[in-house]
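There are 4 protein chains.
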Amino acid sequence: MKVGILGATGYAGQELVRLLHRHEEVKELYLGSSSVAGENYDSIYPHWLDQNIGILEDENIPDMDVLFCALPHGLTAERTSAFLERGIKVIDLGADFRLQSAESYEEWYKIKHPAAELLKEAVYGLPELYRQEIKGKSLIANPGCYPTATLLALVPLLRKRLLQTEYLIIDAKSGVSGAGRGISLGMHYSEVNENFKAYGVASHRHTPEIEQELSRAVGSPLTVSFTPHLVPMTRGMLVTIYAKVSEGVGEEELRSCWQNQYENEEFVHLLPPGTWPQTKFSSGSNHAFLQLTLDKRTGNVVIVSTIDNLLKGAAGQAVQNMNLAMGWPEAQGLKGTALWP
Amino acid sequence: MKVGILGATGYAGQELVRLLHRHEEVKELYLGSSSVAGENYDSIYPHWLDQNIGILEDENIPDMDVLFCALPHGLTAERTSAFLERGIKVIDLGADFRLQSAESYEEWYKIKHPAAELLKEAVYGLPELYRQEIKGKSLIANPGCYPTATLLALVPLLRKRLLQTEYLIIDAKSGVSGAGRGISLGMHYSEVNENFKAYGVASHRHTPEIEQELSRAVGSPLTVSFTPHLVPMTRGMLVTIYAKVSEGVGEEELRSCWQNQYENEEFVHLLPPGTWPQTKFSSGSNHAFLQLTLDKRTGNVVIVSTIDNLLKGAAGQAVQNMNLAMGWPEAQGLKGTALWP
Amino acid sequence: MKVGILGATGYAGQELVRLLHRHEEVKELYLGSSSVAGENYDSIYPHWLDQNIGILEDENIPDMDVLFCALPHGLTAERTSAFLERGIKVIDLGADFRLQSAESYEEWYKIKHPAAELLKEAVYGLPELYRQEIKGKSLIANPGCYPTATLLALVPLLRKRLLQTEYLIIDAKSGVSGAGRGISLGMHYSEVNENFKAYGVASHRHTPEIEQELSRAVGSPLTVSFTPHLVPMTRGMLVTIYAKVSEGVGEEELRSCWQNQYENEEFVHLLPPGTWPQTKFSSGSNHAFLQLTLDKRTGNVVIVSTIDNLLKGAAGQAVQNMNLAMGWPEAQGLKGTALWP
Amino acid sequence: MKVGILGATGYAGQELVRLLHRHEEVKELYLGSSSVAGENYDSIYPHWLDQNIGILEDENIPDMDVLFCALPHGLTAERTSAFLERGIKVIDLGADFRLQSAESYEEWYKIKHPAAELLKEAVYGLPELYRQEIKGKSLIANPGCYPTATLLALVPLLRKRLLQTEYLIIDAKSGVSGAGRGISLGMHYSEVNENFKAYGVASHRHTPEIEQELSRAVGSPLTVSFTPHLVPMTRGMLVTIYAKVSEGVGEEELRSCWQNQYENEEFVHLLPPGTWPQTKFSSGSNHAFLQLTLDKRTGNVVIVSTIDNLLKGAAGQAVQNMNLAMGWPEAQGLKGTALWP
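If you read the sequences in order, they're chains A, B, C and D.
Numbering (the UniProt record's numbering) for the first sequence: 1 to 341.
Numbering (the UniProt record's numbering) for the second sequence: 1 to 341.
Numbering (the UniProt record's numbering) for the third sequence: 1 to 341.
Numbering (the UniProt record's numbering) for the fourth sequence: 1 to 341.
Please note that the accuracy of each hint is not assured.
In this list, chains with the same sequence are indistinguishable; a pair is considered to hold if it fits within one copy or across any two.
Stated by the list, open to error - Capping the alpha-carbon separation at 27 Å, the derived lysine-lysine pairs in DSS-like fashion look like this:
#1 K244 / K135
#2 K244 / K296
#3 K335 / K137
#4 K112 / K27
#5 K135 / K112
#6 K27 / K110
#7 K135 / K2
#8 K296 / K112
#9 K27 / K160
#10 K296 / K110
#11 K335 / K110
#12 K27 / K335
#13 K244 / K137
#14 K110 / K160
By construction, these hints were calculated from the structure, which means they are not laboratory data.
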């Protein structure tokens, strides 16, 4: 099988290269780039020395089975129909096909959607929640990292009406690699190290994506308070969620709901009561870990969910989606636990 | 003036040594310890070499003006009345005199209060909120770090009834130094570094302290959801708070309330709209920084507050309390902005 | 094939579990421990949840093909002959069989060697330098991390007499995981983070190991100045080496020597001139990276070598040795480049 | 007294602001900048909020007593004579006046020296070694950070001929803040964190500065092997030095030499035997710490020296130089030990 990546020089792109390079079904791997075409991949990432991976001009991407697009928003959508017409399945790690509404996209991303007519063909690629819809699909919107960690925790509970929706507080924390390889003062080592901050307060673009999927789960529109924070570490993502349980719901019921949803899942794990997720549990792997407690003093359930932002939050989930779309074993190329310590 | 410290080998104790060593009013400084009495302080902290600071047996602490106690809970209370009788002012950096109710202390700290009769003599030492009560006092309960960051943000708003109290979500993040110098696997470098986790979920001992003071501000009992997290950095603390504003309250009103409260304060700063606190703004200093926004989509105000957990969250505030108790300029020995970067 | 690990709860042990769990030839994996026998592995490392790996009493380790010993020095040697008699190949990640001289062992490790008679049966397991001797062997001494990084750089050059041996300066830097999972104040997060220090100056136990192998390469005894340092990061090791080149030797000759030695090696890479190794190039992988320059002003060659201390410096190399001993493809279970970023 | 800073927005500049803001002799402080003139300093560094510090157009710097220049090389020299003519003492934190030879400057800095005629008027401002020459001077070249840490260790030993000079190996390690506030991929958080690397191997511009001062100490030209490395931490610098002792010299003699040199120094400390410097001992302070051991096996002395690169390695030493030049107490504004932890 032939597989390609556009945007292979970014961090999510590089993680895709790492995963696909050892994926048993992938026989040929093409990297495309507009800025560094013609170079060898180790001129960007020297540790890829001796692996002989070249970078093509974006325009010269040949026919293939699957194309991953890890590009800034807007750039994927404008080329997608051309790829689909050539019979290439597209998995978009960007934001172009995550929101079903072109209006919402324009409101939050500040550009007109370049291919609104394709939105209805796209599937939201969160396998544990929408597996059947993903199988065999040709256009898959790979979820954002924050939405992935949040939705795995909340969607099952909301589908079963175990939570009230009056207030849903999602306090999220991410390692720095989520901001990508683009340089800026805000990502300068001396400014980030030994520092912790909130950013995008009440305005982060993953908000409408989370709300869309939670509204779908509960069957009516809802809003969430979502605040991302930057943690001085490279990888890892953890979200802490606060919500009021529905009348009469106890901790056991919440836990059972998760258990029913995830007991046969390879990548989602419910920790034993009292053991709280740590981001390192997921680091370098595609695994997610969940925990909750019902605080009887306040009636709030407190939920913690963790993933590796570059694996289950980006490249790992994208490969999982490819496996589903192609009919391969879902965990192909994704085996392995976290790198510890 | 003569000043002493019990528990000078811990991190808060060492920070006190640093501050008091350069404090202009402090002429003699005694360090007491049960475990390393007789040694020179640089046998514990080699960077104190050539400063000639000895450590006394705890029992031999001489008469003095002020004694700081940076001891595990329980140990201060059992000796406090003896110190007070000798005319020594006591500033307790531990938890023994923070809760006004001995029952609450026993419930959360799991021991009988060793000196319940002194609770009514103690003042809660948060100068910006209780300055007049602290002046000249002989027994001061230095607040916990999480409560300090939280109360500076919330108390003025609650006193003015600008927030509803149905749900108050306090999602807190702390650097590792807050856990002290005691070793454990959970504080082992390789387990903490590049890792982020929640701990003490729905059970942290700063919860009743926060609730006591917020209830006092609003005039009736309330509860909060408080979740602390451990950030892979040494210093710094940031809390993100979510609450519903009272009917008709706008962002400007919230901001004005803070401004009225803090405009003449040396150590509490309101950042300009859009600039969010970072823990490094406070690092190595006694300054606190605040910011908020009213999220119109949800009706929630999102508040962020940051301090250095060892300064405004411990030793710095303790020195501020000493200054107030002794009638010295409140910022004596506490001048200086953060160490950056 | 059946494989076991003694000392599976330490960091090197855990890394072995990770590698062996996905190794295609390993059908059964036994973990032994004296302290936590009977528990499930995820009680130690929660991220191994749902993988169902139990821990046996050390004494109950069944017959098997290969046993990895990741134990403190002294503990492996005293049990090795019993294992060998049962037909179990032993790969020791500790120090018991690295030094060929029992006297040297006693001098540096301060205990009498528990099985000096086995020293002549052991092979020093650095595959790139001693591949033929390792094949089929039953007792393999897995090299120390510092020696591995150093010997890969120096042995080829010394074998060819390209360096003088009057002074060999090895300035080494390691991430903290090399110190293992045992807690101590020196490994306490707040003491290590944002800190850098030398340790074991002129006294580290890897010194005689390095000297033994370099002396072997050059054919006569030599000494080295070896200074390890602790870097505030979890993984990674880098050594900087200074030596005087032999009369008339140029940079090209040094480079060619390495190239001849390593051109067919899967795990050792010569970076292009001007690109210097970074520890992250190796992180999470079994790869080593080398670079050098001849400083014409001083006549010294400056060499930099980097590995992941837990992979090529411990568990990865041990698996490579197992593959050689068993006749499997040498890179089995070790494929994959570094985790970046 | 009136004092000014050119280049106040960089890290060394900001550290100067912090030190001078609390310096008792400094009554007026002017900040100059070409890029952000007219703004308030907290628009660059928000933690300076409420301190009311404005930034002037570089050209408008008024008459004053002392001007600190923290500018890229070349920019200070071309304006120095104008400042000197106005009676302003100049302390240059850059490289323009460190090398006494304009040829050497041109060779290493690749530009013609803009004011070679001033070189003979400049003094190399390392107070512990050249105190008498600095007093009252009008043009002071503040030493580089690596040279400071190195020279404090080596100059006294070389002056007394206790070391041979055939080979002097200086293996240096620095925190990231030394690279300044300018952004680049090499300083991007995700590229630096959990990473360690050498840079500028055999080509760093501090080499001729070190050689100049060591040659002066020993009275004849010598060369050194100098390799800097980047440590994943913000502050701190540590150098490890290897040299052969002169015939018959023992460890005690080396130690006495240091002791004689530094026993009355406020900022240079000899640690007790066996206690090795850690960068945190100096962090946030102007103190330097030294240690050595004579390795009898090799005849090499191993020396470790540590400073805070932004204090004793830049702004702290600059203030020390100002105090000397102005006849104020040398430690004015520099009191205080390291921030720990």
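Hints, verified against the model:
1. K244 / K135: neither (35 Å within a copy, 42 Å between copies)
2. K244 / K296: Classified as both: same-chain Cα gap 11 Å, cross-chain 21 Å, threshold 27 Å.
3. K335 / K137: Classified as within; 23 Å inside a copy, 31 Å across copies.
4. K112 / K27: Neither way: K112 and K27 sit 37 Å apart in one copy and 55 Å across, limit 27 Å.
5. K135 / K112: neither (29 Å within a copy, 62 Å between copies)
6. K27 / K110: neither (39 Å within a copy, 50 Å between copies)
7. K135 / K2: within (19 Å within a copy, 38 Å between copies)
8. K296 / K112: between (47 Å within a copy, 24 Å between copies)
9. K27 / K160: Neither, since 43 Å and 41 Å both go past 27 Å.
10. K296 / K110: Classified as between; 19 Å across copies, 43 Å inside a copy.
11. K335 / K110: neither (39 Å within a copy, 43 Å between copies)
12. K27 / K335: Classified as both: same-chain Cα gap 18 Å, cross-chain 16 Å, threshold 27 Å.
13. K244 / K137: For K244 and K137, neither the intra-copy (37 Å) nor the inter-copy (43 Å) Cα distance is at most 27 Å.
14. K110 / K160: Close neither inside one copy (35 Å) nor across copies (38 Å); limit 27 Å.
The structure fails hints 1, 4, 5, 6, 9, 11, 13, 14 (numbered hints given earlier, in ascending order).
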